[in-house]
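*Asks:* Residue numbers (the working numbering), protein chains in the order written: chain A, 1 to 199; chain B, 1001 to 1199.
Hints are supplied without guarantee of correctness; some may be wrong.
As the list claims (entries may be wrong) - Have a look at the derived ranges for each label pair, beta carbon to beta carbon:
no.: 1; chain 1: B; residue 1: 1002; chain 2: A; residue 2: 2; range: 55 to 63 angstroms
no.: 2; chain 1: A; residue 1: 27; chain 2: B; residue 2: 1111; range: 33 to 41 angstroms
no.: 3; chain 1: A; residue 1: 149; chain 2: B; residue 2: 1193; range: 37 to 45 angstroms
no.: 4; chain 1: B; residue 1: 1126; chain 2: A; residue 2: 26; range: 36 to 44 angstroms
no.: 5; chain 1: B; residue 1: 1112; chain 2: A; residue 2: 157; range: 26 to 34 angstroms
no.: 6; chain 1: A; residue 1: 58; chain 2: B; residue 2: 1112; range: 56 to 64 angstroms
no.: 7; chain 1: B; residue 1: 1002; chain 2: A; residue 2: 40; range: 33 to 41 angstroms
In short, the hints are calculated from the structure, not lab data.
Beta carbons are placed, not taken as given, at the ideal position from N, Cα and C, and that holds for glycine.
Number of protein chains: 2
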Amino acid sequence: MNQGQLIVLSGPSGVGKSTVVKALLQYKPKIQFSVSATTRPKRPDEEEGKSYFFVTREKFEEMLQEDALLEHAEYAGNYYGTPVAPLDKALAEGYDVLLDIEPQGALQIKAKRPDAIMIFLAAPSWQELRRRLTGRGDTPPDKIELRLQQARWEYTQATEYEYILISDEVEHVVKELLAILTAESCKVKNRISLLKEEL
Amino acid sequence: MNQGQLIVLSGPSGVGKSTVVKALLQYKPKIQFSVSATTRPKRPDEEEGKSYFFVTREKFEEMLQEDALLEHAEYAGNYYGTPVAPLDKALAEGYDVLLDIEPQGALQIKAKRPDAIMIFLAAPSWQELRRRLTGRGDTPPDKIELRLQQARWEYTQATEYEYILISDEVEHVVKELLAILTAESCKVKNRISLLKEEL
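My request is simple: use the sequences and hints to build the entire structure.
*Replies:* Okay, here's the thing in C-alpha cells:
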C-alpha cells in the first residue's frame, strides 16, 4: 500500500480554512483531518477531540518536552500544536492527512516534512478578510487589527507554498483542492513503481 | 492576461496519446493542440494541418536550418518536429498548448522550456501495449518489435517527467489530466500576482 500524502492547508486567521476542510471531507472519504492540540478556550460550536484537543498550558508544555508535536505556535496568546503519532499512523495506513494550521506552524511542517503539499488559502480581498474576522463575532476590535497585521506578514510568506487558493465560493475552493490531490497522486514519485513492475 | 501553460503529453508509440488528446479537447475549450510537422505518410483517417503538417524531407530540413522547430526527432525512419511560431503565439494569447509527442522530442522540450508540464502516458501493461500496436494494423510485425524495444527505453526515461498517467479507460485518463491542468493553474507562480495586488 502507498503511504498517504500530507496536505498542509494554511492562511490567515478568519480566511475560512475550517469551512473548506468541512466541505472537503464530504467529498473525499480517504482523507483524515489532523486534530490539533490547543490551549485556547473551546468555542460553543466546537467538540473536544474533533475540533481540537483542548489542553492546559501545563499539559501542552509537557507534550513539547516529550517531542510529541510536529509543529507548534503561539498565536494570540494561545498555544497550538500538531500531535505527531496519530498523523504518522494515518499516513502509514495510506490515508491522506490534512492539516489546517496557522502559517507559523505550516512553515515548521515544511521544514520537517519537505514532501508535504503546501497550500495557502487567501481571502478574495483585504476588505473581505476584515469582514470575516468581524463577522465571526468572537474577536474584539483591537485583536482584529492585530490579526490583520499578522495576515499582512503571512501574505508575504505565500511564496513558501506550492499552491494558492482564493477563498471565494467554498465549492470552487474544494474543487481546486480535490484537483490538487488528484494531480499529486499522479506525480512520478507516486506512480513510478507501476512502471518498474512492467520492465 | 496570464500566459498559457505548455503541456507535454508523451509516451511510447501506440499507447493512446492521440485518443486522450481527442477526448480532452471535448472538455476544455481554452486549450490548443500543437500541430507537428512530419515526413511520414498520411494515414487514411488523418487530416493535413490538423493531425500533422505533412511535409517532404527537403522542406523539413529547411525548417531545421531556419530554427523554426522547438524540437525534432527521427522515429521509425521519419522526421517529426514542432513548429515554434504558432505555439508561442497561442501561449501569449493565454491558451494552454498541448503537445502530443514521442519521448525523444519531449525531452528536448523539457530542456528548452523548463516550465513545461511534463506528462508521461504509460500502457496498463506490456501485453496491452503490444496488443494496441498490433491492433492499429498499420505496423508490420518486425516494426512492432522495434517499437516495443524503443518503448522499453522510453519507460526508463519516465523519471524525467512530472506526472505519469496510466492509459486504461480514456475517461479516467482525461479526468486526471484535467485535474493536473487545474492544479497547475493554482501553482504559486500563477497566482502570486493576485495576492500582491492586495498588499
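*Asks:* Look at each hint and say if it fits the structure.
*Replies:* Each hint tested on the structure:
A hinted range of 55 to 63 angstroms for the beta carbons of residue 1002 of chain B and residue 2 of chain A is inconsistent with their spacing of about 34 angstroms. For the hinted restraint 33 to 41 angstroms between residue 27 of chain A and residue 1111 of chain B, the CB-CB distance of approximately 39 angstroms keeps it satisfied. Against the hinted window of 37 to 45 angstroms, the Cβ-Cβ separation of residue 149 of chain A and residue 1193 of chain B comes to about 23 angstroms, which falls outside the hint. For the pair residue 1126 of chain B and residue 26 of chain A, the beta carbons lie near 40 angstroms from each other, so the given range of 36 to 44 angstroms is met.
Evaluation of the 26 to 34 angstroms hint for residue 1112 of chain B and residue 157 of chain A yields a pass: the beta carbon distance comes to about 32 angstroms. For the pair residue 58 of chain A and residue 1112 of chain B, the supplied restraint of 56 to 64 angstroms holds, since their beta-carbon distance comes to about 60 angstroms. Between residue 1002 of chain B and residue 40 of chain A, the C-beta spacing of about 40 angstroms keeps the proposed range 33 to 41 angstroms intact.
Hints 1, 3 from the list above are not met by this structure, while the remaining hints are.
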